[in-house]
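Following the hints, position chain V with the ligands against chain A.
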Amino acid sequence: MQTNFTAEQLRDPETSAANQVLRTCVHCGLCTATCPTFLLLGDELDSPRGRIYLIKDMLEAQRPATEDVVRHIDRCLSCLACMTTCPSGVNYMHLVDHARTYIERTYRRPWHERALRAGLGTVLPRPWLFRLTLLGARLIRPMTGLLPRGGMLGERVRAMLELTPTRLPHSNSANTQQVYRAQGARRARIALLTGCAQQVLAPEINQATIRLLTRLGVEVVVAPGAGCCGALTHHMGQHDAAMTSARANIAAWSDQLKEEGLDAVVVNASGCGTMVKDYGFMFRTEPEPWRSNAEQISALACDVSELLSRLNYEPTRAPPGLTVAYHSACSLQHGQRITAEPKALLQRAGFTVVEPAEPHICCGSAGTYNILQPALASRLRKRKLDNLRATTPDLVAAGNIGCITQLSGGGLPVVHTVELLDWMAGGPVPEAMA
Amino acid sequence: MPRPAGEIILTNMINQPEPKAEILARRDTIVAAFRGMLPPEAVIAEPIRLRPYETDGLSAYRQPPLAVVLPETTEQVAAVMRYCHAEGIRVVPRGAGTSLSGGALPMADAVVVGLMKMNRILDIDYADRCATVQAGVTNIGITDAVQGRGFFYAPDPSSQLACMIGGNVNMNSGGAHCLKYGVTANNLLGLKIVTAEGDVLNIGGRHLDAAGYDWLGLLTGSEGQLAVITEVTVRILRSPEGARAMLAAFRSNEIAGACVDSIISSGIIPVALEFMDRPAIHACEDFAHAGYPLDAEAMLIIEVEGSSEEQDALLARIRAICEQHDPISMKVSQSAEESLAIWKGRKGAFGAIGRISPDYLCMDGVIPTSRLPEVLRRIGEMGDVYGLKVANIFHAGDGNLHPLIMFDANDPESFRKAEQFGADILKLCVEMGGCLTGEHGVGVEKRDLMPVQFKAEELEQQRRIKTAFDPDWLLNPNKVFPLAASSERSARTH
Ligand code: SF4
Ligand code: SF4
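Chains A and V are the protein sequences, given in the same order. This note's numbering applies: residue 1 is where the first sequence begins, and numbers increase by one. This note's numbering applies: residue 1 is where the second sequence begins, and numbers increase by one.
No wet-lab data here; the hints were simulated from the structure. Errors might be hidden in some of the hints.
[Unchecked claim] Pair by pair, the computed Cβ-Cβ distance ranges are:
1) V/Glu-431 x A/Glu-295: 22 to 30 Å
2) V/Asp-199 x A/Arg-379: 28 to 36 Å
3) V/Arg-149 x A/Glu-295: 45 to 53 Å
4) V/Asp-199 x A/Thr-122: 56 to 64 Å
5) A/Ser-292 x V/Pro-19: 55 to 63 Å
Each residue gets a CB set at the ideal place from its N, CA and C atoms; glycine is no exception.
The shape of chain A in the complex, shown without the other chains (with noise of 0.2 Å):
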């Protein structure tokens, strides 16, 4: 497609970068079939051809954003859907990225906009504070009725609350011990993410991927100074702070990655995991060294699904004679393209698995955009719950906990994979099943 950029804005690397995207895009418009947005509401500005024309529009002119720039990109979920779609190979991420930034440095939000926005900046990559606010939450949670339906304000806020778990872990060990030694003969050593929501919501999982990969011969390392990805401020546009992040867990790893070697960075959140992966790009004008640890560390993340294919997983349990609907995370089946290894290990396992119809489409939870844009990601929910009952499954396993939130409380026990893998290979039954 043609653009208009002058030589001087394309010395911009950043303007740059985007340009090269929007001369990718032939503008042939296959990827609005498979965008949840323009399913919903019917319009191309809420397609992606239509946000990336906005894009072109607003970075050619060098124009503030503006409201109405601003509403349609703030509707997009980041899902991905759109490039798994699109022939050309066009990187919608990194030009969406771009515009998020873009918006957060010239557009000035509504107040309580703001205010929304830096909370959640400010509390979910902290896990002692996400933990703090949800004891705090919980308590309201019961008055949730007394909020005012309609303006967008009070919807916001019971979102947040019907999102808050009844149930509050105990804060646990898994989450800040270091090193997690292999049984057997050491077959690998990885450094495992543990996030920051996560470890809040369901410290299970960390526990669940630890024993299951000790179990595999696999030495487990949890590096101080790692902590939250960067992938919730980053989506938000917040870039400074989505690099402190990254920043943060380049340095962790790379220093256990010269100490005593890696053999991977494993996530078990796929949210996280499309994140990693791109910290080479995001990293790409940054001095050196960072630039090449940056893409070192990228290069070596995987998600726990890859990991365990390439481990020849087994079960030790009989089979358990249920049957498991697969829920295709976004960042898992569209950031990542990982869409066969998680449904042939839970097969491996003994389950049987089914898939919702339209398995490429979001299920709402989308990192923050459940909290944001309540309305859309509600209909989302109830789209994709509708689709997953229809397989009439005993459970339903998802890689990430985004999702895991999202669908939680629809009816179904909704797990982590990892969890079901364990299980079967002689681990607890999982919580939400018990």
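Then chain V with the ligands, alone, in the frame of chain A:
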């Protein structure tokens, strides 16, 4: 320096009929009237938000419209049409905006009526094997809705994932499997339309032949110039027992072309017979990882269907024919996944060209299959003269060519040459006894070439038909006919 909002900073504008100054002057009143008859999110009028609607699948041509409306019901479409008729406002209907001939290109004084919100399946009748859907349902959406019961909707344009049935009817779209199942016209049973005056009419029904004039035939392929289509009833067919695709690789375009001709003249009708040349093979393999032969100059995708014995018998005959054309390799798909990947590559072919060139013009001409080798050679020679690369991807079985001319839209000279090259290819098609358009329609892209195909009297007769439906020439008037002729018509009515 920041530029002011809504300023037009791009230059590639195609010639358009003169916008009506009095309409432009009344823009605010008109927009307010639309807001009165439609839900709030259904009217778009801010300059910044109009930009993404300025073009369709042919992005070389752009023109932001006066406004965009997105009605959700036939009644809302009718209200918009009644108002536009009373006020003399031009209307450009739009589906998914995937037209490769600029069929949905707006005009400065026109309102775009987008049918994307009308995406509901209304009725499926398995006993009578037909489905009624709103115009904004995607082509694949119909098959998706019925395949659980073992049915499908046959016409399958490459953009079937995204393109909408209303647009398919307006362009009489074809697709890879049309060789066996025919184009949209052969699979259409009924329509609900809104006329230029805003009346709602039902045409045809649920059976193949309706009484009276063949209105369906007239409206199919009318490129949004006779009415706005809001509902469509199509035939659905029983899915075949099974299907298998085979890839055959050849040493040159001409040899592959000759092989196509041998297959067709042997009397075999494969369900699909598709051609891709070297640049296309490489771009598509990169996207679909389908195991395309990267060492070939040209490749055929040949699909047969039926029981597995029928498939085996047909494939054996086709193999024998291919053998006579010195193939580099032949490979039959061994699984459903492999067939899916083979088709994914072919269906994504146009977009995949984006991997090797920032822009392309996708031509759409038809020639008798016996002339394939000659035409392919001549296209190659023309490309050398213009200094532009061309990728050939097309439905070889019915002689429907899609040469993709690669150019760089950021270089005006390259764009001008590409346009000229495209026109030469289409003239060549006509010269060979073929025609200007296979399935993409005339749109704006080919309107000025119409006199190459039709005599003045023939064009005039077609214009009279348009005038009968749309006396004021308000419906998509800048397309299909040479600009001078359309402008003259529009002027005559005032
Ligand atoms: S599918 Fe890709 S090339 Fe086509 S419009 Fe979408 S982003 Fe652009
Ligand atoms: S990332 Fe998802 S929501 Fe955003 S444009 Fe792409 S498909 Fe649509």
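Hints broken by the structure, by number, lowest first?
Number 1 only.
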